[in-house]
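Please build the complex by placing chain B on the supplied structure of chain A, with the hints as guidance.
Number of protein chains: 2
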Amino acid sequence: MEDESTLLMIPGPVQVLPRILRAMSRPMIGHRSREFGRIYEECQKTLKELFQTANDIFVISGSGTCAMEAAVGNVIGRNDTVVTIENGKFGERFRLIAERYGKVKPITFEWGTSIELDKVEDALSDGAKAVTMVHNETSTGIKNPAKEVSKLAHQYDALFIMDGVTSIGGDTVLVDEWGVDIAIVGSQKCLGAPPGLSAISVSDAAWDAIVDQPPYYADLNAYRKSSAKEITQTPYTPAVSLFCALEEALNVINEEGIDARRKRHKMAAEAIRAAAEVLDIELFPSLNEISEYSNTVTAMLLPEGINDKKLRDGMLKRKVQISGGQEHLSGSIFRIGAMGNFTERDILTTIQTLEVVLKEYRVIARIGDGVNAASDIFSGFGLEK
Amino acid sequence: MEDESTLLMIPGPVQVLPRILRAMSRPMIGHRSREFGRIYEECQKTLKELFQTANDIFVISGSGTCAMEAAVGNVIGRNDTVVTIENGKFGERFRLIAERYGKVKPITFEWGTSIELDKVEDALSDGAKAVTMVHNETSTGIKNPAKEVSKLAHQYDALFIMDGVTSIGGDTVLVDEWGVDIAIVGSQKCLGAPPGLSAISVSDAAWDAIVDQPPYYADLNAYRKSSAKEITQTPYTPAVSLFCALEEALNVINEEGIDARRKRHKMAAEAIRAAAEVLDIELFPSLNEISEYSNTVTAMLLPEGINDKKLRDGMLKRKVQISGGQEHLSGSIFRIGAMGNFTERDILTTIQTLEVVLKEYRVIARIGDGVNAASDIFSGFGLEK
Chain A
300 MEDESTLLMI
310 PGPVQVLPRI
320 LRAMSRPMIG
330 HRSREFGRIY
340 EECQKTLKEL
350 FQTANDIFVI
360 SGSGTCAMEA
370 AVGNVIGRND
380 TVVTIENGKF
390 GERFRLIAER
400 YGKVKPITFE
410 WGTSIELDKV
420 EDALSDGAKA
430 VTMVHNETST
440 GIKNPAKEVS
450 KLAHQYDALF
460 IMDGVTSIGG
470 DTVLVDEWGV
480 DIAIVGSQKC
490 LGAPPGLSAI
500 SVSDAAWDAI
510 VDQPPYYADL
520 NAYRKSSAKE
530 ITQTPYTPAV
540 SLFCALEEAL
550 NVINEEGIDA
560 RRKRHKMAAE
570 AIRAAAEVLD
580 IELFPSLNEI
590 SEYSNTVTAM
600 LLPEGINDKK
610 LRDGMLKRKV
620 QISGGQEHLS
630 GSIFRIGAMG
640 NFTERDILTT
650 IQTLEVVLKE
660 YRVIARIGDG
670 VNAASDIFSG
680 FGLEK
Chain B
300 MEDESTLLMI
310 PGPVQVLPRI
320 LRAMSRPMIG
330 HRSREFGRIY
340 EECQKTLKEL
350 FQTANDIFVI
360 SGSGTCAMEA
370 AVGNVIGRND
380 TVVTIENGKF
390 GERFRLIAER
400 YGKVKPITFE
410 WGTSIELDKV
420 EDALSDGAKA
430 VTMVHNETST
440 GIKNPAKEVS
450 KLAHQYDALF
460 IMDGVTSIGG
470 DTVLVDEWGV
480 DIAIVGSQKC
490 LGAPPGLSAI
500 SVSDAAWDAI
510 VDQPPYYADL
520 NAYRKSSAKE
530 ITQTPYTPAV
540 SLFCALEEAL
550 NVINEEGIDA
560 RRKRHKMAAE
570 AIRAAAEVLD
580 IELFPSLNEI
590 SEYSNTVTAM
600 LLPEGINDKK
610 LRDGMLKRKV
620 QISGGQEHLS
630 GSIFRIGAMG
640 NFTERDILTT
650 IQTLEVVLKE
660 YRVIARIGDG
670 VNAASDIFSG
680 FGLEK
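Just so you know, the sequences run in chain order A and B.
Its first residue numbered 300, the first sequence is counted upward by one per residue in my numbering.
Its first residue numbered 300, the second sequence is counted upward by one per residue in my numbering.
The set of hints was computed from the structure by calculation and includes no laboratory data.
Treat each hint with caution, since some may be false.
No copy is singled out in the list; a pair is fine if it fits within one copy or between any two copies.
What the hints assert, rightly or not - For lysine-lysine, the following DSBU-like pairs were computed, each having C-alpha atoms within a straight-line distance of at most 30 Å: (1) 565 - 388; (2) 446 - 404; (3) 402 - 428; (4) 446 - 347; (5) 528 - 608; (6) 565 - 450; (7) 388 - 528; (8) 524 - 616; (9) 418 - 404; (10) 402 - 524; (11) 608 - 658; (12) 524 - 658; (13) 428 - 450; (14) 450 - 402; (15) 608 - 565; (16) 450 - 418; (17) 658 - 565; (18) 347 - 608; (19) 418 - 446; (20) 446 - 344; (21) 658 - 404; (22) 524 - 609; (23) 565 - 347; (24) 404 - 524; (25) 528 - 618.
Excised from the complex, chain A in its bound form (with noise of 0.2 Å):
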């Protein structure tokens, strides 16, 4: 039932602006060509202020997975401990790459509730070369404490690795304030460009722990070659067209500034939260004081009187498109992604069809609750969190 004139709500790949688009059509160029290298600088440019940090920075032509698989296979080594700290599903994903290059002391909560600090402090206090965490965690909304898991980190003198896929570019990541060793993006998220790229920032610290045999694609010392040669570039032939729209994405983002870009998507999810609020649909997290909601991501327990398909199906035959919950949450969450170059427009559009089918299945009387509580948010006039 998915098709080109479908809302794209989902927390990645996100909608992507038809000038974005375009710039995928433009002839091929050489991947060694100056005009290559200039699209790649000015990318590594634009990235290195998203992330807050002056460490180099690479484009790798794969997904975010390929860059978290960078990220661990570089500094970890057979004999090599990493502590993973697991609350849903990409932390998941960081302890079962991590199992593929050393040690692993997981640090595992239920999907959905928050880090503890004192159990990431006794597992770094064993002694551990890396600890990983993800930022915003896709599958439960959650929001996990990067500068405080860094801080201890570094107090046990292990690197900082953390999964900023769906926080960077839309979300506060403050990578050298707050210390964090290796940060990775993916492009189909808060940069709003097409999926297929990932970028990756890695620290001095990183770099004097890199292992001798990382994996061959993403050796992170053949991108630091191929960076600083004469022509910027890329060890392997990178997806050109892919760095096109990266490029133009980045303008839209320079365009718009990166703080207002930050406000509007805090402001999208705090409008997503208060429709939902309204709506008596309850937000999914269970939060501690060092946890916060996602500003990407809502993830909300779906109401009694509809299920999963049925809400999703509903939204998708009126041509809005959320995603559901992943894993053993399916069935029980849904999840609203708001990232990118979303507009207010988007985002009633999509509470006021969320409202269509709830009031279809009678979970709600009357549309229009949740609009006017997100409008509200919008105007300035809701309640400021």
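Chain B alone, transformed into the frame defined by chain A:
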């Protein structure tokens, strides 16, 4: 000096037809949608015909190098021995990748010289789990004896892993008939699509040999599992726009016909070689009875009186881009790629421009002999090889 009006005659990325470029501009769709599943299935179907295989085939969002790593990393474990055959840069790359996964028994020949089967047999006779070979060695313009090496591999119970990155889609490759256990192709070569995707076929014998801990992003079991779902999908977010382009590129191939396409590539290579002959430009590789000149990239020695920079800059100034040699061959050879959806006009234009530059540097006295010789091939007047 390269720009969008430059005729791209390098061995990939190749020029991309406007209709294929436009396919990338369609609005973004979800990667778990039926429409994406349809696109992926269409791609798999035509790729199986191009590979001439009934084996499983998957599309990876990553370049040919990513697929090379998938090929090696999924069947070679730490205690496994792999024979790597090397007579050019990509053969070398297979060795470098293999060194990160298992025990390597390298068989090396000088770049551009032919593979000697007895040396391969010697190495295999000591026992090996697999042998890697590059079918069409892009760095030197040589076509290696895939059928013969495959036969040897199976004689010694080893898997045959073949890089068909620059042959599949442009030259005859018979994966099942030859017994290629793992074959790979890149999107940006003979398929005529933009760079960023690769495809990999996996035989039953290769499935039986899969290791426990392959690289994560390139884990073939994960690809198999996702591909078998009710909606055909990839394990991690794919480069959706590139899949749209690949589908359209494969439509172009189906419209042309696979045999006609192979013939067109062969004829172009013959035309370039015929031009070289009359221009007194020596073809680069020295061949033995089991090697052939590549039908997709032609390497030539730089003639007296001109150097690499002068030749390529002179052509680039006239909006035709060709390649130099890689690594230690830089400065001694130049390469013309004729892959994908090039036309007779592109080939003759390239040869004419080559002649213009050679005349500028007084290497030849008049323009036209090369074009005449090449044109004769296209017209069927030329010498048949």
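Hints, one by one, checked against the model:
For a Cα distance limit of 30 Å, the shortest separation of residue 565 from residue 388 inside one copy, 23 Å, qualifies, whereas the shortest one across copies, 49 Å, does not. Taking the closest pair of Cα atoms, residue 446 and residue 404 come within 30 Å of each other only inside a single copy of the chain (21 Å); across copies the shortest separation is 47 Å, beyond that limit. Taking the closest pair of Cα atoms, residue 402 and residue 428 come within 30 Å of each other both inside a single copy (10 Å) and across two copies (27 Å). Only within a single protomer do residue 446 and residue 347 lie at most 30 Å apart by alpha-carbon distance; the minimum there is 18 Å, versus 49 Å between protomers.
Taking the closest pair of Cα atoms, residue 528 and residue 608 come within 30 Å of each other only across two copies (18 Å); inside a single copy the shortest separation is 52 Å, beyond that limit. Taking identical chains as interchangeable, the C-alpha atoms of residue 565 and residue 450 lie at most 30 Å apart only when both belong to the same chain, with a minimum of 25 Å there against 61 Å between chains. When the C-alpha separation of residue 388 and residue 528 is checked against a cutoff of 30 Å, the pair qualifies only between copies, where the shortest distance is 19 Å, while the shortest distance within a copy is 38 Å. Taking the shortest Cα distances, residue 524 and residue 616 sit within 30 Å of each other only across copies (28 Å), while inside one copy they are farther apart (50 Å).
When the C-alpha separation of residue 418 and residue 404 is checked against a cutoff of 30 Å, the pair qualifies only within one copy, where the shortest distance is 11 Å, while the shortest distance between copies is 46 Å. Taking CA atoms no more than 30 Å apart as the test, residue 402 paired with residue 524 passes in both settings, with 29 Å inside one copy and 26 Å between copies. For a Cα distance limit of 30 Å, the shortest separation of residue 608 from residue 658 inside one copy, 15 Å, qualifies, whereas the shortest one across copies, 71 Å, does not. In this assembly of identical chains, residue 524 and residue 658 lie within 30 Å of each other by CA distance neither inside one copy nor across copies; the values are 58 Å within and 38 Å between.
When the C-alpha separation of residue 428 and residue 450 is checked against a cutoff of 30 Å, the pair qualifies only within one copy, where the shortest distance is 14 Å, while the shortest distance between copies is 46 Å. In the homo-oligomer, the alpha carbons of residue 450 and residue 402 lie at most 30 Å apart inside one protomer (22 Å), although the nearest pairing across protomers, at 40 Å, exceeds that limit. Proximity of residue 608 to residue 565 under the C-alpha cut-off of 30 Å is restricted to the intra-copy arrangement: shortest distance 28 Å within a copy versus 53 Å between copies. Proximity of residue 450 and residue 418 under a CA criterion of 30 Å is satisfied intra-copy only: 14 Å inside one chain copy versus 56 Å between copies.
Proximity of residue 658 to residue 565 under the C-alpha cut-off of 30 Å is restricted to the intra-copy arrangement: shortest distance 27 Å within a copy versus 64 Å between copies. Taking identical chains as interchangeable, the C-alpha atoms of residue 347 and residue 608 are never at most 30 Å apart, the minima being 41 Å within one chain and 35 Å between chains. With identical chains, the CA atoms of residue 418 and residue 446 are at most 30 Å apart within one copy only, with a shortest distance of 16 Å there and 57 Å across copies. In this assembly of identical chains, residue 446 and residue 344 lie within 30 Å of each other by CA distance solely inside one copy; the values are 24 Å within and 48 Å between copies.
Taking identical chains as interchangeable, the C-alpha atoms of residue 658 and residue 404 are never at most 30 Å apart, the minima being 47 Å within one chain and 68 Å between chains. With identical chains, the CA atoms of residue 524 and residue 609 are at most 30 Å apart between copies only, with a shortest distance of 27 Å across copies and 52 Å within one. When the C-alpha separation of residue 565 and residue 347 is checked against a cutoff of 30 Å, the pair qualifies only within one copy, where the shortest distance is 21 Å, while the shortest distance between copies is 47 Å. Taking CA atoms no more than 30 Å apart as the test, residue 404 paired with residue 524 passes between copies only; the shortest distance there is 27 Å, against 32 Å inside one copy.
Only between protomers do residue 528 and residue 618 lie at most 30 Å apart by alpha-carbon distance; the minimum there is 24 Å, versus 47 Å within a single protomer.
Of the hints listed earlier, those the structure fails to meet are numbers 12, 18, 21, in rising order.
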